[in-house]
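Could you put the whole structure together from the sequences, leaning on the hints where they help?
The primary structure of each chain is shown beneath.
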Amino acid sequence: MRTLEPWVGPPLEHFLAESEARVVLLMTSAGQVVAQHGFTRSLDVMAAAALGAGIVASTTEVARLMDQRGFGALVHQGSEQGMLLSGFDTPRGRWVGLVVFGSETSVGLVQLFWDELVRELVAVAPPETTQAPVLAENFERELNASLHALFGR
Amino acid sequence: MSRYETELGRISAVRGVRGAMLVSMADGLVVAESLMDGVDGRAVAALAASLAGRLARTTAEAGLEAPRVLHLHAERGNLLAVPAAAAELLVVAVTQADANLGLARLEMLDVAQGLG
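Read top to bottom, the protein sequences are chains A and B. Here this note's numbering is used: position 52 in the first sequence is 52, and no number is missing along the way. Here this note's numbering is used: position 82 in the second sequence is 82, and no number is missing along the way.
Be a bit skeptical, because a hint or two may be false.
These stretches of chain B come out as covered by chain A in the derived footprint (C-beta under 8 Å, 3 or more residues) [to be verified]:
id, stretch
1, 15–29
2, 46–54
Computed far set for chain A versus chain B, every beta-carbon distance over 10 Å [what the hints assert, rightly or not]:
id, residue
3, Arg2
4, Trp7
5, Arg41
6, Asp44
7, Arg64
8, Leu65
9, His76
10, Ser106
11, Leu109
12, Glu120
13, Ala125
It should be emphasised that the hints constitute simulated quantities derived from the structure, not laboratory data. Beta carbons are placed, not taken as given, at the ideal position from N, Cα and C, and that holds for glycine.
See below:
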């Protein structure tokens, strides 16, 4: 498991241990990755983050058309693996989670501990601080630092 | 009231039973429920299905038949679960410590058989 924000680590570790999920991706609603577990290739993370954030944005818009505040979670159940995709509000803005799970667990268990993870993240999240703008000369360094934190390289 | 809810009502009517549920074994999701306030049906369903699945695997590995009744005895109550194999459902009941467990088990087995 790798995280950009250290305070995300303990709740996410707890979720992984309890839910037995295979893959987890936490990202901002813009698709910026905050934490990941189970991915080995950075390209897969970037694609999953972009697609996941896009799906949540689309379903949120569908909900708005239906006069709903939003859908809590979207679950796709396959024959061997399932996926849960959920958007949630934190003191750091709106985040999106993507969880892939197999037959060693169940969608009920994953949803149960997902809700617990969201509550824990909301409780421990430090308030959003105004970040300095990323300047061109710092961009590559910051990008490399993020990639190192998420993939160890 | 659905047929399932009527069946669960028989279990809930037993003295000391705080609630009964039908749970999808594979998903751990609630199919039908008859619960008192204060019982988190979603959590009980997910955890009971996980427990039942693990115990079924354990008994299979040990060369035993699948469990007919699971009884989790806790300090302040009990969790009972009866698999209804053909329907891939689990009949679950949460009881107080002083519940009539014998009658609750009988009703649960009867409901499970009816689902089979």
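Comparing the hints with the structure gives:
no.	hint	result
1	15–29	holds (count 6)
2	46–54	holds (count 5)
3	Arg2	holds, 27 Å
4	Trp7	holds, 25 Å
5	Arg41	holds, 30 Å
6	Asp44	holds, 27 Å
7	Arg64	holds, 26 Å
8	Leu65	holds, 27 Å
9	His76	holds, 13 Å
10	Ser106	violated, 4 Å
11	Leu109	violated, 5 Å
12	Glu120	holds, 15 Å
13	Ala125	holds, 24 Å
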